[in-house]
Amino acid sequence: SAVISQKPSRDICQRGTSLTIQCQVDSQVTMMFWYRQQPGQSLTLIATANQGSEATYESGFVIDKFPISRPNLTFSTLTVSNMSPEDSSIYLCSVATSINEQFFGPGTRLTVL
Amino acid sequence: SQKIEQNSEALNIQEGKTATLTCNYTNYSPAYLQWYRQDPGRGPVFLLLIRENEKEKRKERLKVTFDTTLKQSLFHITASQPADSATYLCALDRGSTLGRLYFGRGTQLTVWP
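Chains A and B supply the protein sequences, listed in that same order. For the first sequence, this note's numbering gives the first residue as 1, with consecutive numbering after it. For the second sequence, this note's numbering gives the first residue as 1, with consecutive numbering after it.
Honestly, I wouldn't trust all of these hints.
Quick look at which bits of chain B chain A covers, simulated, 3 or more residues with Cβ under 8 Å [unchecked claim]:
id: 1; segment: 54–61
id: 2; segment: 64–74
id: 3; segment: 100–113
With beta-carbon atoms standing in for the labels, derived distance ranges [as the list claims (entries may be wrong)]:
id: 4; chain 1: A; residue 1: Gln38; chain 2: B; residue 2: Glu54; range: 31 to 39 Å
id: 5; chain 1: B; residue 1: Ser96; chain 2: A; residue 2: Thr79; range: 33 to 41 Å
id: 6; chain 1: A; residue 1: Gly16; chain 2: B; residue 2: Asn53; range: 47 to 55 Å
id: 7; chain 1: A; residue 1: Glu58; chain 2: B; residue 2: Lys59; range: 39 to 47 Å
id: 8; chain 1: B; residue 1: Glu5; chain 2: A; residue 2: Asp64; range: 28 to 36 Å
id: 9; chain 1: B; residue 1: Glu52; chain 2: A; residue 2: Pro8; range: 17 to 25 Å
id: 10; chain 1: B; residue 1: Thr68; chain 2: A; residue 2: Asp64; range: 36 to 44 Å
id: 11; chain 1: B; residue 1: Thr110; chain 2: A; residue 2: Thr56; range: 21 to 29 Å
id: 12; chain 1: A; residue 1: Gln28; chain 2: B; residue 2: Glu60; range: 27 to 35 Å
id: 13; chain 1: B; residue 1: Lys3; chain 2: A; residue 2: Lys65; range: 19 to 27 Å
Keep in mind the hints are simulated off the structure, nothing from the lab. Quick caveat, the model's predicted, so the values are computed rather than measured. Where is the CB? At the ideal position from N, CA and C, for every residue including glycine.
Only chain A is shown next, with the shape it has when bound in the complex (with noise of 0.2 Å):
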């Protein structure tokens, strides 16, 4: 199994500044993935922050706006750059070590005013 946390567990921020979320995994894994889940939304995949190289972003996010670090095989960090009321979401950290074990953070609740 795998512990993840997350910093910080909520955060209230102006509009127009960034915010940096940091995610801690208890053991190495290679591959590590943030979602979001806007209020009422489904969980929607973000990028895979791959360590070594460029994180993978999926169809409507970009490098830009949410820069993804991946320092080690245990730590990554997401930053929400420029922020808008729209991006008031909780952002949470994953891991996978099988299809059978897949393991989330507790999550990150943002609120952008």
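Place chain B on chain A using the hints.
Structure of chain B alone, referenced to chain A:
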């Protein structure tokens, strides 16, 4: 684009009854489908996986069926308990990379005594 629908936003049943949740999908043929439980303020927790060539999978009081012709999965909780109250999410693999998933919006299950 991929679309996943879960039968209803909310389901209320009496303790001891069987809860049945539905997940329908379109425009896709997944290799596997997963079910998750999500409690308020927490990330999703993996429950069960069923592959495209499997009809049924069981785990304790949980049963999942998968009909690739109907493009539908049913998730059953037998002998339901108030502790089963949570939001249940279905997820499909996005192909190619382990851990990349499409999610439904979820069904909020309430089991009353």
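(Q) I'd like to know which numbered hints this structure contradicts. Please list them from smallest to largest. (A) 1, 2, 5, 7, 9 and 11
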